[in-house]
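Student: Each chain, written out:
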Amino acid sequence: MALLEYALIGGILYGIFFSLVGIGLNLIFGVMRIINLAHGQFIMLGGFGAYLLARGLGLNPLFGIPLAIAGGIVIGYPLYYGVVPRLQKSQDPEMLSFILFFGIAQMIEAVAVFAFGADQRSLPQDALGSGNIGVLGQEFPDSWWVACLVSVLAILGLYLYFSRTRLGFATRAIMADRDEARATGIDVDRVSAIALIIGIALAGIAGVFVPYLIGSVSSSIGDGLTTTSFAIIIIGSLGNPLGTVVGGLVFGIGTMLMQTYYSSWSNLAPYALLLAIVLVRPSGLLGKAVRRA
Amino acid sequence: MRKPPAWRGPVLVLVALAAIFAVAPRLYSNESVLFTMMTFMALAQGLNLLYGFTGYLPFGYVGFFGTGAYATSLLVTFTSLPVIAAVLLGGLAAVVVGLILGPLFRLSGPYFSIANLAASQIIYNVVANEALKPITGGPYGIKIEHVYAPTASYVTMLAILLAATALAAYFRRSRFGLGLRAMHQDPISASLAGVDIVRERLIAWLASAAIAGLAGGAYAWNLSVFYPEAVFTLQISVFAIVFALFGGVGTVIGPLLGAALLYAFYAGIGVSAPQYFELLYGLLIVLLVLFLPNGLASLLTRRKVDVL
Amino acid sequence: MSSEPLLRLENVGKRFGGMTVLHEQSFSLAPGEILGLVGPNGSGKTTTINVISGVHPADEGRVLFEGREIQGLPIFRIARLGINRSFQVPKCFRGMRVRENVEVAATFARRGAADIEAILAETGLASHADDIAGSLTVNQQKMLDLARALATNPRLLLVDEIGAGLNPAELGGIATLLKGLAARGIALIVVEHLLDFLNRVTDRVIVLGAGRMLFEGSLAAASKDPDVVAAFIGG
Chain L
1 MALLEYALIG
11 GILYGIFFSL
21 VGIGLNLIFG
31 VMRIINLAHG
41 QFIMLGGFGA
51 YLLARGLGLN
61 PLFGIPLAIA
71 GGIVIGYPLY
81 YGVVPRLQKS
91 QDPEMLSFIL
101 FFGIAQMIEA
111 VAVFAFGADQ
121 RSLPQDALGS
131 GNIGVLGQEF
141 PDSWWVACLV
151 SVLAILGLYL
161 YFSRTRLGFA
171 TRAIMADRDE
181 ARATGIDVDR
191 VSAIALIIGI
201 ALAGIAGVFV
211 PYLIGSVSSS
221 IGDGLTTTSF
231 AIIIIGSLGN
241 PLGTVVGGLV
251 FGIGTMLMQT
261 YYSSWSNLAP
271 YALLLAIVLV
281 RPSGLLGKAV
291 RRA
Chain P
1001 MRKPPAWRGP
1011 VLVLVALAAI
1021 FAVAPRLYSN
1031 ESVLFTMMTF
1041 MALAQGLNLL
1051 YGFTGYLPFG
1061 YVGFFGTGAY
1071 ATSLLVTFTS
1081 LPVIAAVLLG
1091 GLAAVVVGLI
1101 LGPLFRLSGP
1111 YFSIANLAAS
1121 QIIYNVVANE
1131 ALKPITGGPY
1141 GIKIEHVYAP
1151 TASYVTMLAI
1161 LLAATALAAY
1171 FRRSRFGLGL
1181 RAMHQDPISA
1191 SLAGVDIVRE
1201 RLIAWLASAA
1211 IAGLAGGAYA
1221 WNLSVFYPEA
1231 VFTLQISVFA
1241 IVFALFGGVG
1251 TVIGPLLGAA
1261 LLYAFYAGIG
1271 VSAPQYFELL
1281 YGLLIVLLVL
1291 FLPNGLASLL
1301 TRRKVDVL
Chain X
2001 MSSEPLLRLE
2011 NVGKRFGGMT
2021 VLHEQSFSLA
2031 PGEILGLVGP
2041 NGSGKTTTIN
2051 VISGVHPADE
2061 GRVLFEGREI
2071 QGLPIFRIAR
2081 LGINRSFQVP
2091 KCFRGMRVRE
2101 NVEVAATFAR
2111 RGAADIEAIL
2121 AETGLASHAD
2131 DIAGSLTVNQ
2141 QKMLDLARAL
2151 ATNPRLLLVD
2161 EIGAGLNPAE
2171 LGGIATLLKG
2181 LAARGIALIV
2191 VEHLLDFLNR
2201 VTDRVIVLGA
2211 GRMLFEGSLA
2221 AASKDPDVVA
2231 AFIGG
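Protein chains in written order, with this note's numbering: chain L, 1 to 293; chain P, 1001 to 1308; chain X, 2001 to 2235.
No lab work stands behind these hints, which were simulated from the structure alone.
Hints may contain errors.
Said to hold, decoys possible - Listed next, with one range per pair, are the computed distances between beta-carbon atoms:
(1) Asn1030(P) with Arg182(L): 54 to 62 Å
(2) Leu160(L) with Arg2110(X): 58 to 66 Å
(3) His1146(P) with Tyr77(L): 57 to 65 Å
(4) Leu1099(P) with Arg2097(X): 31 to 39 Å
(5) Ala2113(X) with Ile1100(P): 38 to 46 Å
(6) Gly117(L) with Ala1264(P): 25 to 33 Å
(7) Ser1174(P) with Ala115(L): 47 to 55 Å
(8) Val1271(P) with Phe169(L): 52 to 60 Å
We put the CB at the ideal spot given by N, CA and C, even for glycine.
Whenever a hint applies, use it, and build me the whole structure from the sequences.
Tutor: What follows is the structure, given as structure tokens:
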């Protein structure tokens, strides 16, 4: 019973954090119909940013959050204007963006190997608090609670952006119908560029906590995180960023249950979950992923 | 001007391929580079059978390769079948996996690719699982060094490469291929034209899977001792995709040229400095998508040269 | 009509999500007959065509072609039985040549040989036979859609707003073409907003409003029917 409680509460914490991991990918897809296959590599960069701040400058890893936002602007702005409008004019933007961002992922990974080598790097264990916080008798490290809190704040922030700001409203209009939005005078490129920046920044922020939740950061973790993110957003609802939270929770609880009861097979969990949902309920949870033809 | 017979181009390509790889070991002593080059040419061509002719990108293509490698190795270990039969059955195992994954085609483009990637990771995680150590060797890999035969496996891989190329030529020039092209452009209109798109797509998928499975079997035979990562690393999918794209998908010679050139380049500098190579091919992909989405072959087709 | 009609719909319904877009649609069509489908946007005209051609199968009721139930069959089977269509937004094989577009249909439909050159001439595309389909104008692409459909030797042809954007001379040409097809025994369902055009092709129409059949009869009578008038003005 204690084991089950541990898995469930841990799964909720883990899942809320993984909602943050997936949300940027979903936002970018929802707004631009662009598949950011470099998503996991942006998360990895966030992790290394926090690593540099903590190990190099002795700062609290939480300063990685403003660094991730700055990184999102520096990378996202030129990236948008460099490739996105060109992709959207092509025959099959989804597929071409998929391949193009895969190339970008490879470049980021190569650069990370130059800069940090191939080793796994961890962050000071007590930088986000050295204790444990318990709920219903189950204790989890402070860093998990901090990661969870930041995830909730980031997702809440995104929700407020969508519901309370003019830019957020324009973003929603573009998600509903890009051409219609352009026709009503919305500066689609500017709003989309901001969405790309937010998407990358959210990935970077998630990256700050990856060393705590996964144990370490290394230059090769990107592809796995991208696949996991896909599983989460497909379980949730593609193109609907806030639906990601549902996907994150299903993933988090599922993974924790697997790790608790069938630990040797837990690596399979995200992939099996993705495949099962795709094959069993291609229309229900998936929405846009299903071909109409 | 009379048109040359339809079979002439494909036959020329096949003869040239066979001649080059028959003679090459006499001119260049590092046979393992030649073998791996053929492996990637076969994989690029096999991937082309699906991606080039239907537009579905099998990101988990390596799953078929690994399936073939393990099926062949396990058959060699646990049965007394001749190795060549085990390689053929490795191809069949990949076809069976392809049939099981058939429902993936309910997904459109990128989602198909991601789900296919997930499927390949599942196969890898099952094969390499500690719990299966008595059968597959789990994470510690597999050994079939008692059947190690570099020349026989080299010839087998060449045969697989020729088979993949013959299939691509068939896809390019036949009535079946016409249906695939139409489906690729507009599946609904193709159906209205009477093309059974579900069946055509499945055949292309299974042919593509078979090539990867066979190549995996021959590769395992050539290595004879390997860890699961060696036949399941995502790098194998990645190389097949990049090589095929670089040469030009949807053609017969494009993937062959792309794989030969880029793999030679990789064998030259990439092995010693993989991260430089990774950076370069990452950049290459970005530039290809933006400026040359149909690969090297399109440099010719743009000039109205009829490329096979 | 004592014998079995070519096409018969019996209480056909179609839903998208929770919304019913077609209610209890029933009508029939004889060989060589032309039926016009009219109604405001969203009234279910294109949905009717989609249901018959299998693009969006019916959720309720039966669709009978030559006495055989065809609802639920895959599109290519329906096409091979002899039902074909064009699209409001043309869907040709854009990267292929015009002649190849028609060849695909002639090759795969398995409905006997088609005279590709004659079809290209009939649809005004003979001089573009070697052009890439994507380079044609939208109107030419619509004609190519029609040519692709004709290459399957259909017995029933569904034509979706082929007249939109054409000048009067072009409309006259198409009206003649469609009537010629009917004279050869092909049954046609013509979805059209342009009532003058429709009037030149047929006098039998069905008026749809909000997914329901409001009226069936002659076009002249339709314009005097109170339900129809309400649907067009109030809808």
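Student: For every hint, state whether the structure bears it out.
Tutor: Hints, one by one, checked against the model:
| no. | hint | in the structure |
| --- | --- | --- |
| 1 | Asn1030(P) with Arg182(L): 54 to 62 Å | holds, 57 Å |
| 2 | Leu160(L) with Arg2110(X): 58 to 66 Å | holds, 60 Å |
| 3 | His1146(P) with Tyr77(L): 57 to 65 Å | holds, 59 Å |
| 4 | Leu1099(P) with Arg2097(X): 31 to 39 Å | holds, 35 Å |
| 5 | Ala2113(X) with Ile1100(P): 38 to 46 Å | holds, 40 Å |
| 6 | Gly117(L) with Ala1264(P): 25 to 33 Å | holds, 28 Å |
| 7 | Ser1174(P) with Ala115(L): 47 to 55 Å | holds, 51 Å |
| 8 | Val1271(P) with Phe169(L): 52 to 60 Å | holds, 53 Å |
Violation of the numbered hints given earlier is absent; every hint is satisfied by the structure.
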